[in-house]
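Make the complex out of the two chains shown on their own, each in a separate frame, by following the hints.
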Amino acid sequence: MTGATTNGTTGWSSDEMMAIAAARRLADGATCFVGIGLPSLAANLARATHAPNLVLVYESGTIGAKPRVLPLSIGDGELAETADSVVSVPEIFAYWLQGGRIDVGFLGAAQIDRHANLNSTVIGDYDRPTVRLPGAGGAPEIAASCRETYVLLRQSLRSFVERLDFRSSVGYGDGPGSRERLGLPGRGVTVVVTDLGLLEPDPETKELVLTHVHPGVSADEARAQTGWPLRVADDLRETAPPSEAELVALRSLRTAGEDGAER
Amino acid sequence: MAEVLALSEAVAHLVGDGDTVALEGFTHLIPFAAAHELIRQGRRRLTLVRMTPDVVYDQLIGAGCAERMIFSWGGNPGVGSLHRFRDAVERQWPGPLEIEENSHAGMAAAYAAGAANLPFGLLRGYAGTDLAEHTSSLAWVRCPFTGEELAAVRAIRPDVGIIHAQQADMRGNVLMWGITGVQKEAVLASKRSLVTVEEIVPELEPRPGSVLIPSWVIGAVSVAPGGAHPSYVHDYYPRDNVFYREWDEISRDRDAFRAWIERHVLQVEDVEGYHRSLRERAYA
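First to last, the sequence lines map onto chains A and P.
Numbering of the first sequence is given in numbering that gives the first Met the number 0, commencing with residue 0 and proceeding in unit increments.
Numbering of the second sequence is given in numbering that gives the first Met the number 0, commencing with residue 0 and proceeding in unit increments.
So here's chain P without its partners, still in its complex pose (with noise of 0.2 Å):
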């Protein structure tokens, strides 16, 4: 059963240095406040997973978090570079940053795998491409029917899966809807997980393509609401375009990353103070 618990009690409980941890979310209900938190805990030697990294991941390597991340996909998505992500792997700043690397279909089945209690995922994608010979996690293997070569992807079994969800009820269900990505992978893969809400309902109500996680396979449930910003939740509040293109500028140059983290997540105590900064800023 999950408990119910605050965001920051939750990261503590849930997450310790040196997890491998995936924060899941596909463009829409991305867990930044959670992510947030894990900075002002100071989490150390992460190893961080997710296809997209995005903003998201963007702000825990700048702010020193993360030393390996696992990934398909590293940029801005409609604006560009992620510039933390680019300056860890090129300049090595704040650190140096392992990293491996997938295709999205790749990544996709190895999520699948770990939420299927399999070693490897399988797929027909890698052949020809220069991946194969740089990423530890893919081999190939003969299919004993036909003898097709096909790729295996190793499992993905994160220590701690966290999502953002639209609602949980007050036992800690948890209702998602919208493009829901590979969050139910990533909460069955993992062997601990945190889901942060927008509000907790008396009843939840199914929708149309809706994704109702139970209870019993989450380890926490934490109120965050607008704790997907600047990414969206569909049906509560859109995705905050304006921000990805400001996020091109601050997190360009070091001190104008390290002023924002301090200013807006550090010297915040949870995601009401965040937004609240945010507020001020644009006022300021």
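So that you can see chain A by itself, here it is in the shape it has in the complex (with noise of 0.2 Å):
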């Protein structure tokens, strides 16, 4: 994967960590929206341990796929042969993702803001971009309608921003009382998993706080990637680090998805 450094000391990858911690927070039996590699990933990974009856659910249209291997696109063969059903495109976004029937949602971006929105539209200027990226895809409605949403996404200053270059997903807007006022069902970014720690959003203000660092790293570090004053919080944790058996599950479907595994 892009960017994945191995940890020497402790024997795990920034992405490995990532994955793992996104794992733990899936509780078993809940339906969960899944993109393409890290989501992917972690998503199989809680269905390979501790969340064997986890409804995943592509936006191909396939409802309870259970892979074998990896997929490298959200519409691999793989995830229809082994979905419970597979239904139309128009389909899986009105009547299940809109429909309310999704407890998680995944997202990554290419930036996010203090407030949890997301871009992942164009960096610089919209008829002018320096970056024309992929798009928004299904994000601005799984960002809206799903029960929570989790996102994944690398620490850095380029990513971390003060201010995102276009608004693709709203995650609290610009703070308390928004969703509400957009009407947006779900509740929103409960956790941005990096490969530093974990960002949760402050129960008043709505504003990401720095609430767990992984093993050796530091709130400084994870303040010295953030383009905007990063709280911490006061009863700051440290992640528990990956235990063998998350890192043999989780090795084992990589391996078994050679191809699924590169993005």
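Quick caveat, the hints were computed from the structure, so don't treat them as lab data.
Accuracy of the hints is not assured; some may be wrong.
Said to hold, decoys possible - Part of the chain A face toward chain P, derived, beta carbon under 10 Å: (1) 54; (2) 61; (3) 78; (4) 86; (5) 120; (6) 121; (7) 130; (8) 132; (9) 139; (10) 140.
Stated by the list, open to error - Not the full set, but computed from the structure, chain P residues with beta-carbon under 8 Å of chain A: (11) 70; (12) 129; (13) 233; (14) 237; (15) 260.
Just so it is clear, CB atoms sit at the ideal spot from N, CA and C, and this is done for glycine as well.
Set out below in structure tokens:
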């Protein structure tokens, strides 16, 4: 995977830590709207470990997919073959996502701000972009309609910015009350999993607060990679290191899906 | 009734310069052979509609066929950027490309509205995003019953809808199965339609989750075995993930891209020639 670095002293990569930290938060039996890459890895890891009854829904219309190998694309045949049901794309978005049937949505992005709003559209001016990104895809409505949303994003000054170049998806908008005013049914982003730690919204201000650092990471490192003055929780905790069982399960998924592990 | 035509004839007959054309297929069943035929016949000034432009629109854009694109996610799935798309938007090569950008949910609703002969689709979406300011096909309406404000998306009504499917019968009825995306809506929303298929069989057998599109809503059916490569066809052949990764290299460079199109699209006659050229390249 891009940017994966192996932690020599402790023996796991930051991508693995991210996937494991995200997987741990998924409750068994939850329905989960999954994208390709780290989200798919995290959800399948949860299914292989503590959450065998997790229901994976991919936007290609596969409901209850149980892939044996990690898919490279959102619509791989493996997903259709192992799904409980395959529905059309208009149906997956209208009846299942907008219909309020999804507990957890996963999102990535190019940029995030302190209120967990996301940019996956352009860097620079919209009409004359420096970098034209793929665009919003399913994200705006995933962020709107899932009961909660997890964001997976490596932390850096380029991605954790004071001001988004474009708002593709809404986290907490301009702060408290924004989601309600906009009529967004879901709770919004409940955790941002990075390569350095976990950020969670303050219940009052809806601003992201660093609540956990991964093993060997300091709060100062996380601050240095954040483009706004990052708040740190008073009871900042350390993420439990990956267990043997988690690493074995994760690596066997990636080996089984040699193709799918690449992004 | 669908006419069974050679692909070159069907494209010449159904698609004109300046048309709005939707080639659909969500990762699965992407109609590459038809796109290559559009490139070979030198179609120009097309408005291309597709939720996930994928490598197929990267090729059409780079080959100079498009002046406008309506889409919702323009990446190379599992790999990264679409470099021809980016070159067109960022540096106007080979010409400027106007874009109209949606979310997946918005675009799916717009296709469904087109198929239903409604002027717009309705969804709870886009609220609070910057997409609303940049997409002219998006507006807000108030629910007459509850007063809730909802997003309205202008119906997609392409001149031509093009899809690929597993099978057709002799009368031009079409059967597809596996992930069927938004293809039925794309055909029904379009004024004219073309379906390429892996094969024509004497009789279609229903399968779990299969979608049958009757001959009388289809303009033409063309046989194009391997016509979805490098995407896949459920129960026929897998996705060519190696090709999708190689495309990143090929498409990054304008000359490499032009050489690839020249050799594998312009200098071959049809889908069979395309596959032969790829095999020759593999052994070269």
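Each hint tested on the structure:
{"no.": "1", "hint": "54", "in the structure": "17 Å, violated"}
{"no.": "2", "hint": "61", "in the structure": "7 Å, holds"}
{"no.": "3", "hint": "78", "in the structure": "7 Å, holds"}
{"no.": "4", "hint": "86", "in the structure": "9 Å, holds"}
{"no.": "5", "hint": "120", "in the structure": "7 Å, holds"}
{"no.": "6", "hint": "121", "in the structure": "9 Å, holds"}
{"no.": "7", "hint": "130", "in the structure": "7 Å, holds"}
{"no.": "8", "hint": "132", "in the structure": "8 Å, holds"}
{"no.": "9", "hint": "139", "in the structure": "4 Å, holds"}
{"no.": "10", "hint": "140", "in the structure": "4 Å, holds"}
{"no.": "11", "hint": "70", "in the structure": "7 Å, holds"}
{"no.": "12", "hint": "129", "in the structure": "5 Å, holds"}
{"no.": "13", "hint": "233", "in the structure": "5 Å, holds"}
{"no.": "14", "hint": "237", "in the structure": "7 Å, holds"}
{"no.": "15", "hint": "260", "in the structure": "21 Å, violated"}
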